[in-house]
Amino acid sequence: PVLTVAWAIESIAFLGGYLEHRRKSPIGIQVLWRGWSNLRDLCQGWLLAQIYT
Numbered sequence: 001p002v003l004t005v006a007w008a009i010e011s012i013a014f015l016g017g018y019l020e021h022r023r024k025s026p027i028g029i030q031v032l033w034r035g036w037s038n039l040r041d042l043c044q045g046w047l048l049a050q051i052y053t
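Taking full-length UniProt numbering, I'd label the letters of the sequence shown as residues 1 to 53.
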């Protein structure tokens with residue numbers, strides 16, 4: 001698949017709880033912020049797992 005900025009934003013929104021099939025509203029800043037926070041936590045966990053395994 002072609003990775004675009006739109007794909008990245010939708011992926012981060014998905015991590016923030018956005019479900020495209022349930023809502024017809026555009027992706028909001030709060031959902032993006034929650035998604036970004038979750039992505040950051042996942043990355044930190046992955047890095048810790050690499051260090052301690």
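Honestly, the hints are just simulated from the structure, not real lab data.
Keep in mind it's a predicted model, so treat the numbers as computed, not measured.
All C-beta atoms in this analysis are idealised placements derived from N, C-alpha and C, irrespective of residue type, glycine included.
Errors might be hidden in some of the hints.
Quick list of simulated restraints, FRET-style, between CB atoms [claimed, not checked]:
#1 G45 - L19: 19 to 27 Å
#2 Y52 - G28: 15 to 23 Å
#3 G28 - L3: 21 to 29 Å
### Query
If you check each hint against the structure, which ones fail?
As far as the earlier hints go, only 2 is violated by this structure.
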